[in-house]
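Chemist: As they're listed, the protein sequences go chains S and L. Each residue of the first sequence is one higher than the one before, starting from 1 at the first, in the numbering used here. Each residue of the second sequence is one higher than the one before, starting from 1 at the first, in the numbering used here.
Among the hints, erroneous ones may be present.
The list cannot tell twin chains apart, which means a pair is met if one copy fits it or any two copies do.
Taking lysine-lysine pairs in the DSSO-like style, the calculated list, with each CA pair at most 30 Å apart, reads [stated by the list, open to error]:
#1 LYS312 with LYS376
#2 LYS201 with LYS28
#3 LYS392 with LYS28
#4 LYS376 with LYS57
#5 LYS392 with LYS100
Just so you know, these hints were derived from the structure itself, not from any lab.
Number of protein chains: 2
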Amino acid sequence: MTVELICVGTELLLGNIVNTNAAFIAEKCAMLGLSMYYQSVVGDNQKRLEELIRTAKKRSDIIILSGGLGPTQDDLTKETAAKVMGRTLVEDERAHREIKEFMAKRSHAITENNWKQALVPEGCKVLYNPNGTAPGIIMEDGQTRIILLPGPPNELVPMFEEQVYPYLKESQPEVICSKMVKLCGIGESSAETKILDLIEKQTNPTVAPYAKTGEVHLRITAKAATEEEAYQMIAPVEDELQERFGDLIYTDDPRVSLEMAIYDLLKAKGLTVTTAESCTGGLLAGQLINVPGISEYLKEGYVTYSNEAKEKLLGVPADILRQYGAVSSQTAEAMAAGGANAANADLCIAVTGIAGPDGGSKEKPVGLVYMSCYCKGRWYTQEHRYTGSRSKIREYSVASALTLLRKTILAMDKPADFNNG
Amino acid sequence: MTVELICVGTELLLGNIVNTNAAFIAEKCAMLGLSMYYQSVVGDNQKRLEELIRTAKKRSDIIILSGGLGPTQDDLTKETAAKVMGRTLVEDERAHREIKEFMAKRSHAITENNWKQALVPEGCKVLYNPNGTAPGIIMEDGQTRIILLPGPPNELVPMFEEQVYPYLKESQPEVICSKMVKLCGIGESSAETKILDLIEKQTNPTVAPYAKTGEVHLRITAKAATEEEAYQMIAPVEDELQERFGDLIYTDDPRVSLEMAIYDLLKAKGLTVTTAESCTGGLLAGQLINVPGISEYLKEGYVTYSNEAKEKLLGVPADILRQYGAVSSQTAEAMAAGGANAANADLCIAVTGIAGPDGGSKEKPVGLVYMSCYCKGRWYTQEHRYTGSRSKIREYSVASALTLLRKTILAMDKPADFNNG
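Model the full assembly from the supplied sequences, consistent with the hints where possible.
Modeler: This is how it looks when you write it as structure tokens:
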């Protein structure tokens, strides 16, 4: 079955608020196996709204509208939807009573227009609203189902989860399940090229790539009668991806971030790590510390932005800075070794580069970043050349540094793979 | 003139991402005085996309499309829009060159599908993209203007601001100018209460508050024939806000962030600063280092996540940690004094708290954060109690710490205002 979403609200058209309702509803519908082909946003304008609902009625089985159920004159969604469905509005006694109680609880004075919210289309299913004064509405005719929801997320979200989701699930024979296989250390096009055949040949399950900063996520989605069946269909595809990408995969759990995967590795191997940051200036440590409990493995970190700080805190030899410059593989390696020593940690990931916009030269342009991960007498060192804004360059540097840190931890088991700085 | 927005992307229909591009573009269009009556989201499906563009062409003067300009098979926006406008695709030499350079800079291998992005509709205006491989496109016929933008916000936003906004502005008879008065250290409702009269009485110029993390931004917007005229209308309102908020205002320049304002203060007063971070774990230093050139004033920073690190790097006395605990005003002050001393800096801003989700207790719940700013023998110290997720608590902590740092620098000129720890 197809579902279409129409969000009503001038504040969306003016960009005063971000449409989080659309993402919420779309994700739930996807989980229900409903196909959403269209989302629209329209203002509180009867003519345009009516036209949009009529168009939606022609092309979709289910139409979900959010917003425009308020008490004021310009809230027209209910009236317009009822008109399209050929229903007249009648007062709902319980809605009337609940509005009264709701306003009393908050000792708000009830104004005449509040009672407008107690009117519902005849023969509809009313979705009572404990979190506001606008009840939701479900209207069905032989062909279309129209669902009206209040705009405020704190009213819409619980109403959808508690009343709309179960209602829609009843009429859905199939469930949709998906797994998110997350890769680091490979670009989107290269990743896609490696699985073009899978993308092209498959219909169910499907594989779709999503590019994130420094990462590529592959979503495997299967449609089946039961969850078990869906995951059975996903398993061989996941094995195939494992086969093709190997260590580049750091998780298949949508909730697990790269720093969480690194935390798990540190924990499993009982390794401690520290950070020595120049151009990323604390962002790398900040990202690792996103993970609750990492304090056991990351006790301290260094932001060494100046040469003095690199010498003083990390013991980078002055002549290395003089000879090769602060932005060099040699300095990155000295920072990494020095940081591990200063923090008495097993690993140290060091980053030094030119984030710009100034400070670049012909030999060392803005975007040139060296990173080195030290581990027990050996180094993994990389040169990166990024483009874009200062913040983008730093963001990419953090992503690459996390990838390098993970690579280094994994490589401990295969010494041959190690390159010495 | 009317503008219509079409966002292309299956990930939007699946609810994988929130459509922040729509809010961004809608807000900019509103500032330009363009009327937006429709926003749509459609997947990477040629038939539906084509139908939507044709409908939009009938009812809107300007159509902005975002997304679907990527290198992969299912990116069809450019091809479909060109078809509707009756254009064939030709290779753009500069786009081709820039893709090559972009990929080379990142030492990414170029795959065949990358070159698809160098194709543009004949006779279009190309919007070159320093932040990605997908150029934007402007096509005009007598009646409609179609603007194609890449989907990733870090590419779309600068392209819109630097190339699309000026292009659209040209054809707008009335200009809408605005100033953004940015406040820190006051909540949204208190700020709004202070200017309720202004908000209510005014039509042109208007004042509208926007809540940001730890900040409130007040946008003054005026509509006039010329920019000069508009800014003349804005000036008295800005004076009034200055009158009411005083030092809480850190800038009236939309491009200036709080850390930039702090950088200006450090520079003006020739002060150096360092950071001593526990729960924020580098994010505070990371935010300050957003500012190019701050290295002169922020030479190093400390991430002291463990007690040992607080003792070793900052010289926090063990008995303070024992007696008051790591999360206490006393520890925050010792971290601040110790950090300034270790870095030999004039100022040190220190943060210690419980970001959660674990580690909270009845006396010290998750969200309890102490921060202290040391300056030349004296302290500004604050206790905060935040709610929300670990990342939200850390984000708020960074915002408050920046506000505290600014307050401390400003207070140097009025010693009486100082509270000693």
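Chemist: Cα distance capped at 30 Å. Does LYS392 pair with LYS28 within a copy, between copies, both, or neither?
Modeler: both (27 Å within a copy, 22 Å between copies)
Chemist: Regarding LYS376 and LYS57, is the shortest C-alpha distance of 30 Å or less found within a copy, between copies, in both, or in neither?
Modeler: neither (65 Å within a copy, 64 Å between copies)
Chemist: Please work out whether the CA atoms of LYS201 and LYS28 approach to 30 Å or closer within one copy, between two copies, in both situations, or in neither?
Modeler: within (24 Å within a copy, 42 Å between copies)
Chemist: At most 30 Å between alpha carbons: which applies to LYS392 and LYS100, within, between, both or neither?
Modeler: between (39 Å within a copy, 19 Å between copies)
Chemist: Pop the pair LYS312 and LYS376 into one bin, within, between, both or neither, using alpha-carbon distances up to 30 Å.
Modeler: Both: 22 Å inside a chain and 22 Å across chains, each within 30 Å.
In summary, the structure is inconsistent with hint 4 from the numbered list given earlier, while agreeing with all the others.
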